[in-house]
Amino acid sequence: MAPNLRLNAVAFISPQNHPILIRTFSKQDENAIKYHYIAHTSLDVIEERASSKSSECYLGLLYSMEDVAVYGYITPLKVKIVLAAALTDAVVRDVDLNMIFKALHMAYYSAISNPFLVLQDPASAVHDSSRPLLAGSPKWKHLRRRIDEIARIVGNSSNTSTGG
Amino acid sequence: MSSRNSLPVPSSSSSVPPHLAALAAFSDPPTRHVDGAMMDYFLIETVNALRQSSKIALTREREREKEMIEAGLIPPPALPVKDTKDSAVSARDSTGSLASTKGGKVAAAGPVDEEEEALKVRLETIGIHVGSNFSERLCRDRGLFTETLDAIKFICKDIWAACWDKQVDNLRTNHRGVYVLQDNSFKTISRLSSWQGRPDAVRKAKVYVSMPAGIIKGALARLGYNATVSPEVTNLPQCTFQVKLPKGS
Chain F
47 MAPNLRLNAV
57 AFISPQNHPI
67 LIRTFSKQDE
77 NAIKYHYIAH
87 TSLDVIEERA
97 SSKSSECYLG
107 LLYSMEDVAV
117 YGYITPLKVK
127 IVLAAALTDA
137 VVRDVDLNMI
147 FKALHMAYYS
157 AISNPFLVLQ
167 DPASAVHDSS
177 RPLLAGSPKW
187 KHLRRRIDEI
197 ARIVGNSSNT
207 STGG
Chain X
87 MSSRNSLPVP
97 SSSSSVPPHL
107 AALAAFSDPP
117 TRHVDGAMMD
127 YFLIETVNAL
137 RQSSKIALTR
147 EREREKEMIE
157 AGLIPPPALP
167 VKDTKDSAVS
177 ARDSTGSLAS
187 TKGGKVAAAG
197 PVDEEEEALK
207 VRLETIGIHV
217 GSNFSERLCR
227 DRGLFTETLD
237 AIKFICKDIW
247 AACWDKQVDN
257 LRTNHRGVYV
267 LQDNSFKTIS
277 RLSSWQGRPD
287 AVRKAKVYVS
297 MPAGIIKGAL
307 ARLGYNATVS
317 PEVTNLPQCT
327 FQVKLPKGS
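Top line first, the protein sequences correspond to chains F and X.
The letter at position 123 of the first sequence is residue 169 when you use our numbering, and the numbering goes up by one with no holes.
The letter at position 130 of the second sequence is residue 216 when you use our numbering, and the numbering goes up by one with no holes.
Any given hint might turn out to be false.
[To be verified] Straight-line Cα separation of at most 27 Å, DSSO-like style, residue types lysine-lysine; simulated pairs:
| # | chain 1 | residue 1 | chain 2 | residue 2 |
| --- | --- | --- | --- | --- |
| 1 | X | Lys252 | X | Lys141 |
| 2 | X | Lys330 | F | Lys124 |
| 3 | X | Lys141 | X | Lys152 |
| 4 | X | Lys243 | F | Lys124 |
| 5 | F | Lys124 | X | Lys152 |
Think of the hints as simulated: they come from the structure by calculation, not from any bench.
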């Protein structure tokens, strides 16, 4: 486990390339918009990675910018999860990131299983399910809570490993 | 059927370092199972409840239509055919049912068939919701889908095994986008019988299989294939689902 793996932001993008949720954990609020930009630019990289090297969900390091390293994950249902972590020289294991991504995937799954999330004609919801559920919608409250929980766990583990 | 626990419990038997145990619980939630007999009882009650609610919704729609005719807003129908204004009214109408959808296409047949259709549409909608979300859960450990046949095989094996404890008995295709999935003893209708005899049991079974058809349709829709699924029951407990994928997929 990399003891100084700090998560800066996580972004969920729907199969139709709409942003579902973009959540930042860093303290500086004025840079929060840059994670929207990061999520947007990751889409191109994800598309070229997912089409060539197929049958693998975890896409690894997509690219790295000034101070963040961006990792990507695409589920078989084409939901993309983008993780921005603070750039560090320490070794970051793939298996740890994979577990974080799976935890995020499960959080998304349990949030989206809510039958009251989309109260409209379900036939259209099936084709374009994230149209009324764009980023910032209050209905994603439970997903936000779960993601905060996951980030807390990852952050806590870094605290405990340096202590003991 | 299995569903996710609401509270993740850290498992002590995982092979991850202890400070990541809580994260492991999040990433690998334990599956919960639904008792098979309870599922049968639940389905019976669901169908009854939805039948009542679709009846109420249809009577409400007919009353509204009658009011509009009397107010002169729409011309009185010469034949019992719905025109566009009625479907606009019905789309805005909110029903009190769990599926919260209006009855679908209404045929020009009698009111009994209308109610059956509305009931089937409600069941299928519930199935769509269950199927799409459950396939998210099942896709946790596998990689991306390589082609259409891969997705159909995922349905035949994983979804069938998770929902109905077995796998599809026969899969046929015409290689032009039509697949036929056959199950020789389909769990949902295997215990169905009617005191009015076999043909009535088959007729009632047609209602019950609309939810599994919805499950398949929802799972395929989430995978990106907008298919039409039509279930057929000819003799209990055998059931076939015809999946028609659109051209080009």
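*If you draw a straight line from the CA of Lys252 (chain X) to the CA of Lys141 (chain X), is it 27 Å or shorter?*
The hint is violated at about 35 Å.
*Has the given pair, Lys141 (chain X) with Lys152 (chain X), been kept, meaning a C-alpha gap of at most 27 Å?*
Holds, at about 16 Å.
*Under the criterion that the straight-line Cα-Cα distance not exceed 27 Å, is the pair Lys243 (chain X), Lys124 (chain F) satisfied?*
holds, 20 Å
*For the pair supplied as a hint, Lys124 (chain F) and Lys152 (chain X), confirm whether the alpha-carbon distance does not exceed 27 Å.*
Violated, at about 46 Å.
*Has the given pair, Lys330 (chain X) with Lys124 (chain F), been kept, meaning a C-alpha gap of at most 27 Å?*
The hint holds at about 22 Å.
Comparing the model with each numbered hint stated earlier shows that hints 1, 5 do not hold.
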